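Construct all of the structure, not just a fragment, from the sequences and the given hints.
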Amino acid sequence: MKPGVIHIPLHRLAHGRAGDKGDTANISVIAYREEIFPLLLEQVTEEKVREVFRYRKPTRVRRYALPKLCAMNFVLENMLDGGVNDSLNLDSHGKTLAFLLLELEVAAPKELAALLDPIAAREAECLRR
Amino acid sequence: MRHETFAIGCAAGFGGDRTDSAAPIVETLVARGGAGALIFEMLAERTLALAQLDRRKNPDGGYAPLLESMARPVLRRCLEHGIPIVSNFGAANPRAAARRIWQIAQEQGVSQARIAIVEGDDLSDARGRELLRPHLSPAELDREMISANVYLGAAAIAYALRAGAQVVVTGRVADPSLAVGPAMARFGWSETDWDTLGRVTMAGRLLECGAQVTGGYFADPGFKDAPDLHAVGFPIAEVAVDGSFTITKADATGGAVNARTVKEQLLYELHDSAAYLTPDVVADISEAEVIEVEENRVAVTGVRGHPRPETLKATVCFAGGWLGEGEISYAGPNAEARARLAAEIVRRRVGDALRLRFDLIGSLSVFGDDRGAALSDLPVSDARDVRLRVAGVHADRAQVERLLGEVTALYTCGPAGGGGIRTTITPRLSSVSCFVPRELVPATFTFLE
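Chains A and B supply the protein sequences, listed in that same order. Last residue of the first sequence: 129 (this note's numbering), numbering continuous. Last residue of the second sequence: 578 (this note's numbering), numbering continuous.
Derived from the structure by calculation, the hints contain no laboratory data. Worth double-checking, as some hints may not be accurate.
[Claimed, not checked] Output of the computed footprint for chain B on chain A, the stretches with three or more beta carbons under 8 Å from beta carbons of chain B:
#1 19-26
#2 67-81
#3 86-92
#4 95-104
Owing to the predicted nature of the structure, the values given are computational and were not obtained by experimental measurement. Yeah, the Cβ is synthetic: ideal placement off N, Cα and C, and Gly gets one too.
Shown next as structure tokens:
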């Protein structure tokens, strides 16, 4: 671990919601604070998101950035086992998957801890020790 | 009166939504004065196929099962206050739905309700099938078609309202069009005023999932909260003459409308943020901004519109065999190992007769994939309360029944301490989407005689 860097789950920095159209999922990632958005753009890339969902074998992963909303939208094709048509998943829509993406670990400069919510700030403190 | 806004409230975001959400919206519209409309969005992608199956059994059925529960509490008040109701609750039988609403109005002492029916979406008849033929594969043409509907736009709704309709009953229309139609009728926009239609389409998009923009589907305790979700208020868009709008909610209700709730819903089920396709317009939110104007009031600016597509989307639903699901719980020491052993026993009993999926609810379930890659990578955990779920599909119902028999037999033939077996079997539907030239599928409206 690099000095001066803290590792925190995306869930502490952003919120999001998953939706589906057929076998394609989309997941939004919305920064809680404007100051955090550049870090998300740098760290939450198409490659990282593809890695999170690799076991589901999406055929295409695209990121649409919406800087004025401090948000990004990920579109993942062919990763819902056929979606509501064919999937045997309890959650055939993939609605729960936003919270899998929010588990992604983000490396942030430790100065950022001051911007986080109280829980995250506390954890960042623990990591530094 | 050009500066006035037009208020559109949405009291349902899907066919199974709460049925007591409309009254607070209607009371808010009445209290705020000015013109308004009430919409209910009640048709998910495959709901229409279920409605078509209902209609086969009963020629007077086939509309949304909750239509009466939704409409009855507010119908008379809306009719009296000039608040038109627009909904796709007509599903597979808009004409029967319109008759039912007319009856309810009669029972409530309103004898002159003007009810319009929008048609043209249903392509399940011979002519519709001929039209779809070039767009379906030979395998699809061989399957049992249950429903086929094209997504109509807002224009027919607007024409019906301008002609004096107090209630407009539709089958399949694009969800945002339920809101675009009343606004078009109110402001008299042309069908090619793209930026205006783009803006109001986004208003419709934010409305069409009901409480999903007012704090429903949002709360993450300690991180982002919404108060009083047991009484969450449903949304109201206040639309101006240029299609710009703010999102609010019914007065004296729970939930919240803020930048976060609006952003989540703005991006919900969206692909390319520069090209959200509807029958009315291609909306573009790539430069959109979300501004908190005051508590529970958010403006969305910077939305643009581009010329509408030349084709309309159609969804065709087929019978899709049978889904069987069986569950059994294991708890206490070594629970997950016992659940895994139960899965292995079922797998060996059934062999490869069916496509199977296993979940260990309490360890790994909804995040897992059908192939089981995630589950096989997961070491056995010390989870203390694990529910094994087995799911399988087959075209032949008997095969699925056999699978569920194997789950039931785990009581006496499976690992120690299993309990709480439940099994269900449900018919499946599968759908394909295609695009048909819009001039071949005109929408029409008629008044109920």
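Hints, verified against the model:
1. With 6 residues carrying a beta carbon less than 8 Å from a beta carbon of chain B, the region 19-26 of chain A meets the three-residue requirement, and the given coverage holds.
2. For the region 67-81 of chain A, the assignment as covered by chain B holds, since 6 residues bring a beta-carbon within under 8 Å of that chain's beta-carbons and 3 suffice.
3. Here the region 86-92 of chain A counts 6 residues with a CB under 8 Å from a CB of chain B, which clears the bar of 3, and the coverage holds.
4. Look at the region 95-104 of chain A against chain B: 3 of its residues bring a Cβ nearer than 8 Å to a Cβ of that chain, three or more, so the hint holds.
Of the numbered hints stated above, none is contradicted by the structure.
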